[in-house]
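S.K.: Assemble the whole structure, with the sequences as input and the hints as a guide.
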Amino acid sequence: MTGRSCSSMLRLHVLLFTFLGCSSLALLPSVAGPAMVEEAASGQNIFSCSEDSNVVPSFTEERGGEGRARKMLLGNQRDDIPDFKQLKMLPSLTMVQRRELKAALESTRAQMQVLLTKMKQLRPKSEGARSAGRPGGIVDPQVRAQILQLRTQIQALRTKSWEEIKPKLTQGQLIELAAMRKGELQPATFNEPMTGGGRQ
Amino acid sequence: MTGGKSDVFWINHLLRRAGFGVTPRELKRYVALGYDGTVNELLNPENVDNMQLEESIKQQDFDYTAINDLKRWWIYRMAFTRCPLEEKMTLFWHGHFATSDRKVNNAYAMYGQNMLFRKHALGNFHEILYNASKDPAMILWLDNQQNRKGKPNENYAREIMELFTLGIGNYSEQDIKEAARAFTGWQTLPSGFFFNQRQHDYGAKTVLGVSGNLNGDDVVAILVKQKETSKFLATKLIKYFAFDDPDPAMVSRIADVYMTSKYNMRKVVRAILTDPAFLSERAFHAKIKSPAELVIGSLKTLQIRKLDGDLPMTMARMGQDLLMPPNVKGWDGGTAWIATDTMMERFNFANRVTTTKFSEMSKFSSAQEIVDNQGLTSAGKLVDYFLDLLVDADVPASTRAKLVSYVSSDLSGKPVSNIPDEKTLDAKLRGLVHLIMTLPTYQLA
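Protein chains in written order, with our numbering: chain A, 41 to 240; chain B, 44 to 488.
No lab work stands behind these hints, which were simulated from the structure alone. Don't take each hint at face value.
Subject to a maximum C-alpha distance of 25 Å in a straight line, what follows is the list of computed PhoX-like cross-link-like pairs (lysine-lysine) [as the list claims (entries may be wrong)]: (1) Lys125(A) with Lys146(B); (2) Lys142(A) with Lys146(B); (3) Lys146(B) with Lys222(A).
M.R.: Laid out in structure tokens, this is it:
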């Protein structure tokens, strides 16, 4: 696609949303202007804040975007309890441990399911507030209170499961799990040079 | 350089395609290297000291077993790496071997696959395909775990031909059936790839005219050397880097490089980035920015170092949910990025990012100081400065005139000869940047 044909399609959308009403836009390239040359020479532009440039970049404290479901379940908090399905990925997990893990999760599954269903039912109410553009998302204090209560219950259940599972893991596996969460465990990928396979 | 344009002009173009845009600091460094030097550096990430990125990442407390953290980790890499082509190619392979955590449901396996693509980003396609075929996330994604002797599952065999190598129409149904048998027993365990001998079909097979007791490795080797594969990959890579409608002559040139270099992707990508067609008016602003390009490019231009934790969701709403491509074909790209809802999301993002940046800047300087420091003494100069910075001044005169008119008015829209106060100047600056970021040209890479 050329710039010209991109332009004709984009124009329609821009007309809808900007009050500029840019009509008959022809995207013919122009010679680089002075700003670009100055930027290249100085290593700075109008957005450069010298006080800020050496700060290690980071995400904002409030970790948004956890995923709507997860955020609703856990809020912004991050805890030391791992995602239980990741436990199954521990390379050293034995079949016995696998069964124990499954049993531990089974014991709280029904309760968890009830809580999750209740939470799911509350979601449209909070989503409705969000799409209406109200700050904070949830307007009704009662709904907010219900969600907070459910969050506490879900968290308590997760803690209970973890307390049951944790003693079944060896010290080495706990270290392995921590390394996995930090991205330090060699991922279980086939990341090897070709050895004998792939005959040509 | 082509068309009488400066090195700076084409380096900017290069960095939008082979990277995600550029900060002024980076631009200064690349300009010192020149166009060829920049291409060399981009193509040889192993020679670039990227330790600062790794150190910064360690301070971020990402949880690699949580998919949303993994998305943030990757966005962070794209934004702050000193090896942008490595990340751009990682994104290419992610789209090519499109695997979604929606089904894999295992963030750490997705992390492993992502690391694999990064390691082989500019490597040999034979090795990439070989490793991707044995990757746990891929095995789960395309059901090879269920591909057993006597009960072959054809998913992987079909996609490896249709989507990863030959392209549709260049193989038969029989080829798929036979290749599926060759991949039987290729499974995954938590410890990684596992060849289940008991489930492997050791019988004779014929794939694309080659017969024997073929296994998956053999099928991979057969596929990578097909002429159709060279054309398929060349077309896809030209579309990714240069323009959406490559002509057969260019495809043929790039496909030849693939064959003569024995599938060396570094050479293939170099051939594209130095091809006369890439450095031509035809390629300039000829591609619609993907959400990754739009978001990361904006962060770079505006030099935003405090990232919104919601960025993965923002990109998802724009149509590119990292690590969760929509289907086995990956993202269609091109015009598919543009729809009413995704454009609205782009405009909302522009608004948010502009507001954030100017609020941040106001801690250091007043709006008046900001424009004074750049010598922007008139509405025309102000508009030209931002048009150059954000869209390479690639707008018609009528658009420029409207922007000048916008700046030359007060908050009620009444024309004024001088901006009356600091508050109005601040609002006009924010508004101007936002308006330029919603122009059609800003959506183009």
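S.K.: Each hint should be assessed against the structure and marked as holding or not.
M.R.: Results of checking the hints against the structure:
1. Lys125(A) with Lys146(B): holds (13 Å)
2. Lys142(A) with Lys146(B): Roughly 20 Å separates the two Cα atoms, so the pair holds.
3. Lys146(B) with Lys222(A): This hinted pair holds, its Cα atoms lying about 23 Å apart.
Checked against the numbered hints above, the structure violates none of them.
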